[in-house]
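K.L.:
Heads up: the protein sequence lines correspond to chains A and B, in order. Numbers 0 to 392, taken from numbering that gives the first Met the number 0, label the letters of the first sequence in order. Numbers 0 to 392, taken from numbering that gives the first Met the number 0, label the letters of the second sequence in order.
Do not take every clue at face value.
Heads up, the list lumps identical chains together, so a pair's fine if it works in one copy or across two of them.
[To be verified] Each computed DSSO-like pair below joins lysine-lysine, with the alpha-carbon atoms no more than 27 Å apart: (1) K105 - K240; (2) K308 - K51; (3) K188 - K67; (4) K188 - K8; (5) K191 - K273; (6) K308 - K102; (7) K296 - K74; (8) K271 - K51; (9) K105 - K308; (10) K67 - K105; (11) K259 - K113; (12) K74 - K102.
Simulated from the structure, these hints should not be mistaken for lab results.
There are 2 protein chains.
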Amino acid sequence: MAKALDGVKVIELCHAYNGPFCGMLLADHGAEVLKIEPPNGDQLRTWGPFDKKSGESGFFAFLNRNKKGITLNLKNEQAREMFYELVKEADVVIENYRAGVAKRLKVDYETLSKINPRLIYGSSSGFGQTGPWSNRPCYDIVAQSMGGLVNITGFPEGIPTKVGASIADNVTGTFLCVGILLALYSREKTGKGQHVDVAMLDTIFSLLENSIVKYTVGGYIPDRQGNIDPSIAPFDIFKAKDGYVAIGVGNDNLFEIFCKTIGHEELLENPKFKTNDLRCQNYIGDLQDTIRDWVGKRNKQDIDDLFGKVGIPCGVVLNMKEAIEHPQIKARDMMVEVDHPTMGKTSFQGVTVKLSETPGAVESPSPLLGQHTQEIFNLSDEEFKELSEKGFF
Amino acid sequence: MAKALDGVKVIELCHAYNGPFCGMLLADHGAEVLKIEPPNGDQLRTWGPFDKKSGESGFFAFLNRNKKGITLNLKNEQAREMFYELVKEADVVIENYRAGVAKRLKVDYETLSKINPRLIYGSSSGFGQTGPWSNRPCYDIVAQSMGGLVNITGFPEGIPTKVGASIADNVTGTFLCVGILLALYSREKTGKGQHVDVAMLDTIFSLLENSIVKYTVGGYIPDRQGNIDPSIAPFDIFKAKDGYVAIGVGNDNLFEIFCKTIGHEELLENPKFKTNDLRCQNYIGDLQDTIRDWVGKRNKQDIDDLFGKVGIPCGVVLNMKEAIEHPQIKARDMMVEVDHPTMGKTSFQGVTVKLSETPGAVESPSPLLGQHTQEIFNLSDEEFKELSEKGFF
Chain A
0 MAKALDGVKV IELCHAYNGP FCGMLLADHG AEVLKIEPPN GDQLRTWGPF
50 DKKSGESGFF AFLNRNKKGI TLNLKNEQAR EMFYELVKEA DVVIENYRAG
100 VAKRLKVDYE TLSKINPRLI YGSSSGFGQT GPWSNRPCYD IVAQSMGGLV
150 NITGFPEGIP TKVGASIADN VTGTFLCVGI LLALYSREKT GKGQHVDVAM
200 LDTIFSLLEN SIVKYTVGGY IPDRQGNIDP SIAPFDIFKA KDGYVAIGVG
250 NDNLFEIFCK TIGHEELLEN PKFKTNDLRC QNYIGDLQDT IRDWVGKRNK
300 QDIDDLFGKV GIPCGVVLNM KEAIEHPQIK ARDMMVEVDH PTMGKTSFQG
350 VTVKLSETPG AVESPSPLLG QHTQEIFNLS DEEFKELSEK GFF
Chain B
0 MAKALDGVKV IELCHAYNGP FCGMLLADHG AEVLKIEPPN GDQLRTWGPF
50 DKKSGESGFF AFLNRNKKGI TLNLKNEQAR EMFYELVKEA DVVIENYRAG
100 VAKRLKVDYE TLSKINPRLI YGSSSGFGQT GPWSNRPCYD IVAQSMGGLV
150 NITGFPEGIP TKVGASIADN VTGTFLCVGI LLALYSREKT GKGQHVDVAM
200 LDTIFSLLEN SIVKYTVGGY IPDRQGNIDP SIAPFDIFKA KDGYVAIGVG
250 NDNLFEIFCK TIGHEELLEN PKFKTNDLRC QNYIGDLQDT IRDWVGKRNK
300 QDIDDLFGKV GIPCGVVLNM KEAIEHPQIK ARDMMVEVDH PTMGKTSFQG
350 VTVKLSETPG AVESPSPLLG QHTQEIFNLS DEEFKELSEK GFF
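When you get a sec, could you build the whole thing from the sequences and use the hints?
P.N.:
Below is the structure:
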């Protein structure tokens, strides 16, 4: 079946998480993604969890499915010439070096766009290609902190809390993908490539939703709210006998259904809870306590089933095993399996964007280190051996 | 200056946060986005913060900049015919009703693609258009919980914690944008539109990075880790005299610089801290305590300046005001200002994806309710009055 990016050639000069996540999205939708690793490999190969039998990184296998892989020593001038040859035929190069490093390696946009003016060049970095912090090193935790997200995550009485997944990495990779696709569409009209520049700090800042306007329009600095939403009540996570459930009751109609369902119609008579606004003001205390008490005496799945029937937004706080095995995750093909040459059958997250006519798919496993080097450069065994000894790969 | 999506016509049948975020990304990059609200308006208009003078929602103003807006009562058959006329000229329709609602309103993909086979139709919902949970209601907190993210956010000794911003909403909106752009690019080759289907549950699940393979490959169920990364140490958030700082020391070389910078070279002699692996195993205790003590005696900005100089990844945990005023946020134009007809000068987040040749921009404010209805349908004052009285708008 045709895919949206059939025929689009991408070179991925990326390591770790953020750039490769973009490469994965492009590859899932049909782009031919060629991952170029330094001779000692992407550092992600050394990050766990590891397959016990083969020693391969499960993290690497997940992020680099559907890609081909070669090694190339870009510090070697002649090896770099071989890279330039690949660039002539490419539509897209993506990189996630720290700002400045691509230039030092002579693989920056300026250099490559002279070789191929149709080239789209995507850069993903901690702070972006411009500005006073451009050259500072960054990790996900730094971008989450400086972007303002850590300060609003967690409980008012607790400390600032980072998100449990590296969303500065993967969401920035997603924005890089948005940029590449914008540039590809634009090139259909103009015939010209361009430079796409995304940053982890910008990305986190862009996700803060109305916390920014709370300051600029509302005039106050928002603080941590725990699991509560200040503008909806009840809207919280509650402890059941055997775990936790999230419950959101967004309007008066739902509140009536909710109170009847939990057998606490007296709450409907209480003037403190007449409207959503009043419930928000008076949530802590009787209302929260009543729900805590009711939830605390029941099993999470029973609560979920009950609210599911009456249409109250509700969901169990699932751990990884439970999420993987959830019928909706299964029905949506959000777990996929590939056959890896050394790991065997391996499973991980599937394709998030569902397209009716050109659906993406996971069809091939991540490459072994340097697996496609000889093939991509069309080298005889002797040539390959010779250039390997010269330190090209 | 030309933008990437110049000439692309988008109709936004969206409310609240998730769909409008996608519409915003498309509009920022040049698409003509026409937002269709029901006669009583997008519910987001009732969500704060509110401008004191005009009563307008700052949240609405942020998410709907660069769009035109009309009201239309899609439940009225004749009004719906006017909508179908707009669809004939549109490239994209996006909607974020609960699954099933678009069909009931007769504005679903099947209906509209018969009117315009080139139409790209994007659906964003809590659980997606397919699967056993498809029709269940969802909020951000439900998707974060069921997607597995809440269970891994927060501290091991604490309770599951939701992310302080509604990332199930805005990241799903970003994936919807990816899907629309894939479909637009594909249509350049095939001439045909298609249906794009994204879900908040799928999105959150896709962001869990290696937590999924920790179970499928590593064989264990990961738990909350607080602010620590189990595979890097030191990597944590520390309390300074006047706030918090995030510090990440990712390898042996950085660890040497770090110890020398904080004047604790004795840590380098300790065999427990020789390698990153050993530091991870032995982090809690002497190593964490030493850093806590050192950071606790200093001001956050001094620490940030010091580590910035020596190249240790570090960043202050910023609140909204501090993030807005950070020189890098300013240098990257991540805050922009528009002149709103009733709010006056209003500022919020800018354009995240930076394109060198076709840069996006924020050029016009969010529409007042029904501001462009008469113009879009090219109605005389009399016609407009008559149809308004008939309940079309």
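K.L.:
Does each hint hold? Answer for all of them.
P.N.:
Consistency of the hints with the structure:
Taking the closest pair of Cα atoms, K105 and K240 never come within 27 Å of each other, the shortest separation being 60 Å inside a single copy and 44 Å across copies. For a Cα distance limit of 27 Å, the shortest separation of K308 from K51 qualifies neither inside one copy, at 43 Å, nor across copies, at 41 Å. In this assembly of identical chains, K188 and K67 lie within 27 Å of each other by CA distance solely across copies; the values are 25 Å between and 29 Å within a copy. Taking the closest pair of Cα atoms, K188 and K8 come within 27 Å of each other both inside a single copy (18 Å) and across two copies (16 Å).
Taking the closest pair of Cα atoms, K191 and K273 never come within 27 Å of each other, the shortest separation being 60 Å inside a single copy and 51 Å across copies. Taking the closest pair of Cα atoms, K308 and K102 come within 27 Å of each other only across two copies (22 Å); inside a single copy the shortest separation is 59 Å, beyond that limit. With identical chains, the CA atoms of K296 and K74 are never at most 27 Å apart, being 64 Å at best within one copy and 43 Å at best between copies. Within a single copy, K271 and K51 get their C-alpha atoms only as close as 58 Å, which misses the 27 Å cut-off; across copies the closest is 25 Å, which meets it.
For the identical chains of this complex, K105 and K308 are inter-copy neighbours only, at 26 Å across copies versus 61 Å inside a copy, given an alpha-carbon limit of 27 Å. Taking CA atoms no more than 27 Å apart as the test, K67 paired with K105 passes inside one copy only; the shortest distance there is 23 Å, against 45 Å between copies. Taking identical chains as interchangeable, the C-alpha atoms of K259 and K113 are never at most 27 Å apart, the minima being 69 Å within one chain and 44 Å between chains. Taking the closest pair of Cα atoms, K74 and K102 come within 27 Å of each other only inside a single copy of the chain (12 Å); across copies the shortest separation is 58 Å, beyond that limit.
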